[in-house]
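What follows is the residue order along each chain.
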Amino acid sequence: MTKITLKNISTSHKSGSKLDNIDMVIETGEYIAVLGPTGAGPSEILKVIAGLLPVASGQLLFDEIDVSDFPPEDRGIGMIFEQFQLFPHLSVLDNLLYGPRMRREDIDKKIEVAKEIISMVRLDGREDAISRELSGGMQQRVGVARAIVAGAKILLLDQPYRALDAKIRAEMRVEIKNIVKGLGLTAIHSTHETEEAMMLADRIAIFNNGVLEQYDTPEKVFDEPRTEFVASFLAESNVWDITIDNNQVKLGEINIKYNSNKYPDKSYNRMVLKQHAIDLFFNADNIPNNWNSFNGKITKVRLLGEFIRVTVDVNGIEFIVRDLLNPDLRDPLHLIDEEIILGFPVNEVNLF
Amino acid sequence: MPKIEFLNVTKRYGNIVAVKNLNITINDGEYLSLLGPSGCGKTTTLRMLSGLILPTEGKILWDGQPIQDLQPDERDIGYVFQQFAIFPHMNLWENVAYPLEVKGLSQDEIEKNVEKYLKIVGLENKAHLFPKDVAAADLQRTGVARVLARGAKVLLLDEPFGALDFKIREQFQDELRGIVKELGLTAIHVTHDQSEGMAISDRIGIMKKGKMIQLSTPTDLLFNPRQIFAAHFIGEANFLEGIVVDKLDDQIVVELIGGDTLSVSRNIASFFPGDRVVLGFRKGFAKVLNERISDNNIISGKVISDRYLGEKRRINVKLEYGRSVEIMVLPHEQRHSEGETVNIQILPENMLIYHYPKDGLEKALEVT
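Chain order of the listed sequences is C and G.
Just add 20 to wherever you are in the first sequence, counting from 1, and you've got our numbering.
Just add 12 to wherever you are in the second sequence, counting from 1, and you've got our numbering.
Calculated from the structure, these hints are not laboratory results.
Check each hint, because a few of them may be wrong.
Subject to a maximum C-alpha distance of 30 Å in a straight line, what follows is the list of computed DSS-like cross-link-like pairs (lysine-lysine) [stated by the list, open to error]:
(1) G:Lys-375 to C:Lys-320
(2) C:Lys-240 to G:Lys-295
(3) C:Lys-187 to G:Lys-220
(4) C:Lys-187 to G:Lys-370
(5) G:Lys-221 to C:Lys-320
(6) G:Lys-165 to G:Lys-15
(7) G:Lys-314 to C:Lys-197
(8) C:Lys-187 to G:Lys-330
(9) C:Lys-187 to G:Lys-299
(10) C:Lys-286 to C:Lys-320
(11) G:Lys-375 to C:Lys-135
(12) G:Lys-193 to C:Lys-317
(13) G:Lys-375 to C:Lys-197
(14) G:Lys-370 to G:Lys-330
(15) C:Lys-187 to G:Lys-295
(16) C:Lys-240 to G:Lys-330
(17) G:Lys-144 to C:Lys-38
(18) G:Lys-314 to C:Lys-201
(19) C:Lys-240 to G:Lys-128
(20) C:Lys-320 to G:Lys-295
(21) C:Lys-201 to G:Lys-193
(22) C:Lys-320 to G:Lys-32
(23) C:Lys-187 to G:Lys-131
(24) G:Lys-375 to C:Lys-187
(25) G:Lys-295 to C:Lys-201
(26) G:Lys-32 to C:Lys-187
(27) C:Lys-317 to G:Lys-299
(28) G:Lys-128 to C:Lys-320
(29) G:Lys-330 to C:Lys-197
(30) C:Lys-197 to G:Lys-295
(31) G:Lys-220 to C:Lys-197
(32) G:Lys-221 to C:Lys-187
(33) C:Lys-317 to G:Lys-295
(34) C:Lys-286 to C:Lys-135
(35) G:Lys-220 to C:Lys-240
(36) G:Lys-221 to G:Lys-375
(37) G:Lys-330 to C:Lys-320
(38) G:Lys-223 to C:Lys-187
Given the structure is predicted, the values throughout are model-derived calculations rather than measurements.
All chains, full assembly: derive it from the sequences and hints.
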């Protein structure tokens, strides 16, 4: 319901943060994910929008109104944190009504609204439950409900699911996004997980060292990274120093084909190859056209649950491959020392 | 070095049963992880072994000898927590030396031990630094050196990598496993991160509501989960209900609710025609085919969504009779559009089968 515009926003180094000249527009009803290392910008952006971190220069607009000097309570924002931040001794309903009571609003009306929202976040029948006795997922739903009851038009979610178990986390992501979209709220969600960002966001903003490196749709940031940082941050990657020779990448003794239309210059010196872009083959006939392929030897295997990570030595260069666990690999640790063919599409070669 | 046994161990807090009738043996020199949702009893199990709390029932044996009556400091156990517990006013050397001084060791012995274990954890050149001047991983290395220097034979690790960045975490996992194996220690490691458990452990115990669900090697847990909850909790799987309609020599045939049939060829001995069952298959073990090239274990449906998530895609398919399944594929595999009819093939050897749970499927899958 609110469009947010950040115009040349910088924060002071004295505040311990270093956002540098950030320009971003978040459209009404958009769900944005912000990604980056700790301290690099994601949490700081949320704090600036919430009014918890002072702006040294630039403007923050909500629907064209400059709110840079508005106190946090006048910005119509709901914040959802990892630690829930509920009053543990109060019931679900009393947690929701705490704000309205403090603001001396008409509580009878608010009770009706609160009950509707409790139902929306699937906590029917738990209005009187004491919040500390609820599971983590339920407490987080109470947090979202509280923000909505308080009339938030913008939701800021700061790593909201980090404290939850993986299975609950997966359910909560979808559930909360559906509620946010259903109500037309504008949401900014800071996370460390690429999959969470890719799954939820209309657009993703990637920060490094206080600088906005790229702000685009999930497909664009993943497939067309503008910087080496973006390419290697979003997925586990192989990163090498390289040279370009005769329209091929030279990596040690290996020559790698790349898309020269995408990379017309000759001055590249770094290559990023995502681990999951590489496939392993036992038979060279199975390698698709327009792929690079090399013979190598498996030196290390690591099980990661649904994925497996395999390290392959190719002429002294270590390639790390991340693959979905395959039903043919019932004894994956015995792959060590196997000769293998490693391949990857020419288009997956990222140069910087 | 020691072998640890839990014999019928139960821990109750009033009416709440935190650990129920636990029977496990942790072998001499084994690296074992306990995995499970919050409140499943994994930390309570560690605390009982350390002596910080006592079991309500049952026995814990250390190389065959009961240890319930031993105080925590008499158990040769080292406890490593997520929060490091390092003294900020002492340098790393002093932190490692502290318990040895309390123990009353001579200065020579203290110096010998501190140097030895700081070297083992790779901190010999940082001994003079104070906690504020080193990275989080080095604080945890100091914590490990301190418990080793005290002479711990069993390491208890409660989410020891929880406060570390992802990249450091993996490196430290390898380091820690290497130290445990090199010194021949026995380690019990509590984590909620399944890839950590997979990477570091000889065996993993999956716990739920105080009970041990399955204790197996990592590959066995992935390929042969013996209970529905283990199949659900480790990795990602789809579950479909059905009835066994035929039993052949090497396969059984299950009719799914709605009419499709699927065959299963592994772990089928206890199933017979008429049994109500739950079939499962891992999301990464199914193939999505455009054409029904054969009738070999194929279910059909329409694509609801094909979401690109970077290193994988998730394809949601609504089956002809209403149920939905999700398949995981690598990003470069063929994309499917919404509404497209697809055929999902799961080979009989990749199917999982379970008796229908008495409290229902939803309850069996419940994580909280």
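- Item | Numbered hints the structure breaks, given as an ascending list | Result: hints 1, 5, 10, 19, 21, 22, 23, 34, 35 and 37 break, sorted rising.
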